[in-house]
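Visitor: One letter stands for each residue in the lines below.
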Amino acid sequence: MADLSTAVGPLRLANPFIAASGCFGYGNEYADSGLVDLAALGAIVVKGLFLSAREGHPPPRIVETPAGMLNAIGLQGIGVRRFVDEQLPALRARGATVIVNVCGTTIDEYCEVSRVLSDHEGVAALELNISCPNIREGGIQFGCSLAGTRDVVGAVRKVTRLPVMPKLTPNVTDVASFARAAEEAGADAVSLVNTFLAMAIDVETRRPKLSNVMGGLSGPAIRPIAVRMVHECRQRTRLPIVGIGGIASAGDALEFIIAGASAVQVGTANFVDPFIWGKLTAGLDAYMTRHGVARVADLVGSLDTSPQART
Amino acid sequence: MADLSTAVGPLRLANPFIAASGCFGYGNEYADSGLVDLAALGAIVVKGLFLSAREGHPPPRIVETPAGMLNAIGLQGIGVRRFVDEQLPALRARGATVIVNVCGTTIDEYCEVSRVLSDHEGVAALELNISCPNIREGGIQFGCSLAGTRDVVGAVRKVTRLPVMPKLTPNVTDVASFARAAEEAGADAVSLVNTFLAMAIDVETRRPKLSNVMGGLSGPAIRPIAVRMVHECRQRTRLPIVGIGGIASAGDALEFIIAGASAVQVGTANFVDPFIWGKLTAGLDAYMTRHGVARVADLVGSLDTSPQART
Amino acid sequence: MPHTAATRDRPAIADVTARVLANTHLSDDYNVLALAAPEIAAGARPGQFVMLKPRPGHDPLLRRPFSIFEILRDAQGLPTGLTILNKRAGRTTGLLAGIAPGESVACLGPLGRPFEVVDPPTEAWMVAGGVGLAPFATLADALIARGTAVTLFYGARRDADLHCAGAFERRGVRIACSTEDGSRGDRGLVTVPLARALERRGGTAVHLYACGPTPMMRAVAALAGRHGCRCDVSLEQVMGCGLGGCYSCVVRVRETPGGTPRFVRSCSDGPVFDAARIVWEEL
Amino acid sequence: MPHTAATRDRPAIADVTARVLANTHLSDDYNVLALAAPEIAAGARPGQFVMLKPRPGHDPLLRRPFSIFEILRDAQGLPTGLTILNKRAGRTTGLLAGIAPGESVACLGPLGRPFEVVDPPTEAWMVAGGVGLAPFATLADALIARGTAVTLFYGARRDADLHCAGAFERRGVRIACSTEDGSRGDRGLVTVPLARALERRGGTAVHLYACGPTPMMRAVAALAGRHGCRCDVSLEQVMGCGLGGCYSCVVRVRETPGGTPRFVRSCSDGPVFDAARIVWEEL
Ligand SMILES: Cc1cc2nc3c(=O)[nH]c(=O)nc-3n(C[C@H](O)[C@H](O)[C@H](O)COP(=O)(O)OP(=O)(O)OC[C@H]3O[C@@H](n4cnc5c(N)ncnc54)[C@H](O)[C@@H]3O)c2cc1C
Ligand SMILES: Cc1cc2nc3c(=O)[nH]c(=O)nc-3n(C[C@H](O)[C@H](O)[C@H](O)COP(=O)(O)OP(=O)(O)OC[C@H]3O[C@@H](n4cnc5c(N)ncnc54)[C@H](O)[C@@H]3O)c2cc1C
Ligand SMILES: Cc1cc2nc3c(=O)[nH]c(=O)nc-3n(C[C@H](O)[C@H](O)[C@H](O)COP(=O)(O)O)c2cc1C
Ligand SMILES: Cc1cc2nc3c(=O)[nH]c(=O)nc-3n(C[C@H](O)[C@H](O)[C@H](O)COP(=O)(O)O)c2cc1C
Ligand code: FES
Ligand code: FES
Chain A
1 MADLSTAVGP LRLANPFIAA SGCFGYGNEY ADSGLVDLAA LGAIVVKGLF LSAREGHPPP
61 RIVETPAGML NAIGLQGIGV RRFVDEQLPA LRARGATVIV NVCGTTIDEY CEVSRVLSDH
121 EGVAALELNI SCPNIREGGI QFGCSLAGTR DVVGAVRKVT RLPVMPKLTP NVTDVASFAR
181 AAEEAGADAV SLVNTFLAMA IDVETRRPKL SNVMGGLSGP AIRPIAVRMV HECRQRTRLP
241 IVGIGGIASA GDALEFIIAG ASAVQVGTAN FVDPFIWGKL TAGLDAYMTR HGVARVADLV
301 GSLDTSPQAR T
Chain B
1 MADLSTAVGP LRLANPFIAA SGCFGYGNEY ADSGLVDLAA LGAIVVKGLF LSAREGHPPP
61 RIVETPAGML NAIGLQGIGV RRFVDEQLPA LRARGATVIV NVCGTTIDEY CEVSRVLSDH
121 EGVAALELNI SCPNIREGGI QFGCSLAGTR DVVGAVRKVT RLPVMPKLTP NVTDVASFAR
181 AAEEAGADAV SLVNTFLAMA IDVETRRPKL SNVMGGLSGP AIRPIAVRMV HECRQRTRLP
241 IVGIGGIASA GDALEFIIAG ASAVQVGTAN FVDPFIWGKL TAGLDAYMTR HGVARVADLV
301 GSLDTSPQAR T
Chain C
1 MPHTAATRDR PAIADVTARV LANTHLSDDY NVLALAAPEI AAGARPGQFV MLKPRPGHDP
61 LLRRPFSIFE ILRDAQGLPT GLTILNKRAG RTTGLLAGIA PGESVACLGP LGRPFEVVDP
121 PTEAWMVAGG VGLAPFATLA DALIARGTAV TLFYGARRDA DLHCAGAFER RGVRIACSTE
181 DGSRGDRGLV TVPLARALER RGGTAVHLYA CGPTPMMRAV AALAGRHGCR CDVSLEQVMG
241 CGLGGCYSCV VRVRETPGGT PRFVRSCSDG PVFDAARIVW EEL
Chain D
1 MPHTAATRDR PAIADVTARV LANTHLSDDY NVLALAAPEI AAGARPGQFV MLKPRPGHDP
61 LLRRPFSIFE ILRDAQGLPT GLTILNKRAG RTTGLLAGIA PGESVACLGP LGRPFEVVDP
121 PTEAWMVAGG VGLAPFATLA DALIARGTAV TLFYGARRDA DLHCAGAFER RGVRIACSTE
181 DGSRGDRGLV TVPLARALER RGGTAVHLYA CGPTPMMRAV AALAGRHGCR CDVSLEQVMG
241 CGLGGCYSCV VRVRETPGGT PRFVRSCSDG PVFDAARIVW EEL
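Residue numbers (my numbering), protein chains in the order written: chain A, 1 to 311; chain B, 1 to 311; chain C, 1 to 283; chain D, 1 to 283.
Calculated directly from the structure, the hints in this document are not laboratory data.
Each computed SDA-like pair below joins lysine to any residue, with the alpha-carbon atoms no more than 20 Å apart:
(1) 279(B) <-> 204(A)
(2) 158(B) <-> 180(B)
(3) 279(A) <-> 204(B)
This one's a predicted model, so the numbers in the text were calculated from it and none came from an experiment.
Work the whole structure out from these sequences, hints included.
Guide: Next up, the structure:
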């Protein structure tokens, strides 16, 4: 077995495969039902948390689209305090590497949520959700502005010693400039991408298919755009990158890693196949063995874009 | 049969179905081989034309991705003068409604190409390609800047009486602001979307799958994002809209029309099914008859986003 | 090799590449699909569901939820598989209508909260609309095994749509049918014979079970409330994962009458709910 | 009802939902697929191709190009369909390997520029590498019908990969095989026996036809140039549409030696090209 461990800045992971936020509940659901050994994952990112509980949008909250899905869950969640009380202890006991997806409607809220989490053992890193397209007041207003990104990252940086990783939205003209803004403001890494703002219409009723009108597009459909964005960020920053978007196989994950990601998150594909994690590590192991690659780090950003030599 | 005719500003079309630029050659290919009666289409947009011929990128130029494809053709083309000499007469003879996709590396070139086309009978409208993601110097630098968009549209507006329709890129934070810029600069309509900048990596060779490294994502995968963008433009401008992106059935086209498009373009799906045009008009006809809709205009922008009444 | 996940308190969830054993055409819209999935069949309880994907690849992408209709058993009575009562609604159900024996389907389960199986002397009255019949075959078996008297109120548009009623009769279930066109049983909705029976039941304690279109379940829940009967409904919300991961399948419930409503996941808190908890105005 | 498009000067292009008549497994990698497509078979000429989509929907999305291998005929000799020599390479070819009789495939064609069929006394020498054999069965038939002597130089990795050679022998084609492992015919590439035969051909005029991996075709083109033979190659560029619409399938050609190279579409200008036109350094 090859050495699958990887580092995302200060964060060490047993393998590069991370369960994406909002796609894995609080993690305990999958452990309770015996489906997944949480300690076997690189890490899990739990569902986005505000200071208080949120009830989210009314259903319908999802709709399938070609090779993808739209969601407008609206960040239903139990709030950070109930999380640390009710969910974190079990996650710790299960040996999970826990990253929390931190949400806020104000910079103060991001800081307060981060403070609560930093005060508890068992949180490995903070992923700042400045990119949820589904609620007006929750993040995207920061994530679509360079100043907003700098402000949130800089403020959270001051209140925690945990690794800070803003999660970038793809709904911008130049994503790499946001990675740079995060870098300047003291982030330890960036994760990208969150979902693409999108919509689907029921033509029979002439109404949107989601109660929230718009939702976020995820799944294999978006993968080529996400890979491009990781590649752009790799070229223009030195920040470690966690790649996200449409990963459904080890080969898909390798595209992100070769483009420049030190680790990857898997969301939608885990809905289709909750046993995907073992297949991902086995596939990466087979690839590294076949290609004689000793460490994941040797693959990260190894893309060769020189013009093809022809004979 | 319902009345399928529609108007895109000053442009009258027999039906809303237009062949998208770069996906239908110069149109004559499909007529020569007897596949398509060009006069039966709403219109055709011919491949992007510069002043001079361009040879385009080396192959591989396309790669399939989940529910989509990447292309980096690099705007191979015969140049506007050979087009008006060699292709336009046959298109006229065949009764095609011809829209030309106008390219330029400078504002002067856009104007010059537009002038040449305006001097010839048989061109119905100009689609300004300020959104090709595949060549550095060809359009995207205008299409990603509000000032650039205004400058190109304003300059072309002065040299032609033909309807002017800039084609917008989706690779921006706020597409509706570009539609507004186009409106202010005197455009008659906007078409959207062009392709999403994306990439695919061959993990075995660790090289990009396209010779150009990046390419444009088209096909069903992008449809939900494109529909959202049309909806946003409809809400924030009064300009007529031509919707584009992943349309493969009459139902898909209706999503765009209901979201606010007066007509639609079909690209990738025409590769899969060159006989699609008859199916699209038949499907729209059946829908309008079933719903008792007299004119396409009654559907345009008819989306109902009020909260669902529950009983 | 199927993937399975065992736990202390509930049957293992398995992901089986299930071979199609038979596909029985009932009508243009309905078929019964028999799948080889012994691991899932062995642990399944009445009211549970499976998540199916008719073929690998991205079209369709997500699995879809289906009630376990019947458990298949070999000569020794050991579970070998399960059947699905499939009604054509779109991509996946369309593919499941046309799939041939020998092909296979990805089948994940058993999932969700099962029905509470009531004991005598309480009677079990099952109320099914259309494909809402699906969860009741295994429930009837469990009830009958306990000696509980079972009645099925079964409604459809017309006689030809009242599929599989015979299989319930053979189990010893009393059946009251209704059709919208009056071609069999009462004319009108299934609540017509149900309301009449509730009026006439005298002192018999009745536990209602309902599955079908939302308006039907809402009406049954109202009748249950009026008559003071406990009523379990099996809801059919759109589900992205079936495992509690995505929060797509929520339904608004109130824990106490007049309490603050909140969203709970119908894949893990349900699909079976006490009808009294549901905020019916919002469904 | 298939869609067809007739024109003055070339056979109609039809889009047929072609039923699979048979699927003959040759090896883990190769199979021969027989499709019912009389409209396409009737107009097809040697070297033309079809665009296939193994199932509706978006996965896979685009059609893929395949040479027409053989024309199927009924007892009266009327065309009823065609076969495809399929080599597993990815999604579509994988699906076509597994597809069963009775299923159907979307089949669009005939497409592309056919081979020029040479007359006696010139001899026709066909050079095939692996699945590059596909366009030569119909070409051999046409050549033999004109009385032209036909030789097939056929190379593969090992004997077991030299599929369908018997069918060519039965047609009266002379065969020279080569295998990389020497298990049949010459050891090495197919250019070994070809070069030898060219050296020894004396005054015989020879027209070469080549299809196979790019390095093989390049080497055959070089031999043809050295020996002053006309050589037609059938190229296998990635194709998005097969109809001249997308400009994905281009290949660089020079109209005159030393002329400016330019990209032409291999779906409409080809797939058959005079090898002397191709800019081989870039392929
Ligand atoms: C717990 C549970 C048990 C179920 N049991 C059965 C069963 O035993 N037999 C059966 O035939 N069906 C059952 N359903 C419904 C079934 O899941 C849907 O019909 C199916 O998901 C539709 O998928 P599709 O790909 O065919 O349709 P799509 O192409 O996805 O959509 C077509 C249409 O179906 C609608 N639809 C999508 N999901 C659902 C849903 N969950 N319920 C109702 N309509 C939906 C869509 O809004 C759309 O209008 C059950 C649903 C749940 C939640
Ligand atoms: C004119 C023409 C005639 C052909 N005739 C035949 C034939 O008779 N029998 C046959 O088996 N194949 C033939 N091919 C090749 C065949 O089209 C490809 O193997 C097929 O497109 C691969 O599709 P896929 O979905 O299986 O692979 P994908 O999943 O799309 O890709 C898998 C791998 O195949 C490679 N590939 C993709 N397209 C091509 C291509 N055009 N040529 C070679 N490799 C490709 C990809 O780069 C990738 O590495 C022909 C190609 C052309 C252009
Ligand atoms: C149902 C659903 C819920 C999600 N919730 C969150 C969330 O709470 N916070 C967040 O940052 N991202 C959320 N996401 C985005 C995912 O974490 C991920 O960025 C996105 O889905 C792309 O990855 P995928 O294609 O692998 O799903 C959600 C995605 C889905 C599909
Ligand atoms: C092969 C290919 C070539 C294209 N060439 C052009 C072009 O020359 N000019 C242009 O404006 N758009 C071009 N496009 C973009 C299409 O016109 C269209 O905007 C895009 O493909 C989205 O539509 P679709 O999903 O229906 O294909 C091209 C697209 C493809 C796939
Ligand atoms: S279906 Fe995903 S949480 Fe219920
Ligand atoms: S394959 Fe589209 S132009 Fe040749």
